[in-house]
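Chain A is already provided as a structure; the job is to place chain B on it using the hints.
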Amino acid sequence: MSIRVRAQESNGVVNVRALMSHDMLVPDDDGGPHFIETVEIKRNGEDAITAHWNFTVSRNPFLQVEFDGSAGDTVSVSWTDNKGESDSTEVEVG
Amino acid sequence: MISTKRRVFLKGTLAAGTVGVAVGAGLLAPSKLLAAWPSDVFEAQGLDAAMEAALGSTDIPDSDDIDLSAPEIAENGAVVPVSIETSLDDVTEIALFAEENDFSATAHYVLASGTKPKVSSRIRLGESSNVVAAVKSGDSWYKTVREVKVTVGGCGG
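Chain order of the listed sequences is A and B. Heads up: the first sequence begins at 2 in our numbering, then just goes up one per residue. Heads up: the second sequence begins at 4 in our numbering, then just goes up one per residue.
Pulled out of the complex, with its shape left as it was, chain B reads as follows:
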């Protein structure tokens, strides 16, 4: 287990370094970055670090135009249905976080034009948690937050 985790860590570090150099040199447009699995986002611990890595900030304005649908009470934290939909225009990315999960970044979606800003999936919550949905509309991120109470946790991680 130790060696596995170390390898994952090293892989993440190397990937972040390479991407950083490429961005600095102007070789990659930001949207192209997300063609690869963003290890810095998913290996970040805690909500603030995950949001900083995924959105570039923790100070994201709330929006009433994002509909985050999730159960108020989830009997089984292993399978919590979450749907995100927004009426905001020009949506190119949607990010989902679970605050109380150690690794808070859960999903990051990249949308092509013609794809509706509407995504549903099922996630794990280790315990009762705020769930945060962030939507990139134009050049700006907006978010909405919902609390989900979990009766039986469903996350070993």
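Looking at chain A on its own, in the form it has when it is part of the complex:
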């Protein structure tokens, strides 16, 4: 499991691109459904956006969002799936 995050500030707006490794199994798959239900993105520990997903989000999900912020801010991305697995990572805004 891994999450790759890129967070870049421009004109006071932080652009975050996150790529999460997860198979996102649909009900017809062996072991499915097994998918990320919730992704939380925080800036300096405060909620920026919460994403709730169905298994119809593509395998190895990609999410791009923008919010007010500055270079040097901390951005964290974490997910939990429907089987209770989770992953998280933190990056500094460049």
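By construction, these hints were calculated from the structure, which means they are not laboratory data. The hints are all genuine.
Keeping only pairs whose Cα atoms sit at most 25 Å apart, straight-line, the calculated DMTMM-like set for lysine to aspartate or glutamate is:
no.	chain 1	residue 1	chain 2	residue 2
1	B	K121	B	D142
2	B	K152	A	D29
3	B	K121	B	D67
4	B	K121	A	E41
5	B	K119	A	D69
6	A	K43	A	D88
7	B	K121	A	D74
8	A	K43	B	D93
9	B	K121	A	D69
Relative to chain A, chain B alone:
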């Protein structure tokens, strides 16, 4: 498989019941509700049921102020890039539906103040489908619709 689906169904039913009681008792503000994965939304079958569960109505006005960007033709339904952006004010939620998917509700985003109403992701379409983006501005939902033609379907569900 049967037992798994039954468990999912029961879990959804119980969760919806508990939340319903909490709302009825005034214990939860609507925005707090969405802190939890809304099983009633994502387990709803068909667009109308999904919109009713997510937005509280199927009668949502169209808005030219929502930009829903998706390919006209997607060669691979397993990976369809979709971007939603709006110039509407005070946006707190964004919801995405795929009409022809059995489970039409695809994503539901909850935005904090300071977060731009602009979200991109990649979704699965089992077949050619209308994609619906709904945006909650103030207390009201608005939507826009785009058709995506899929050459090879990408959804087992």
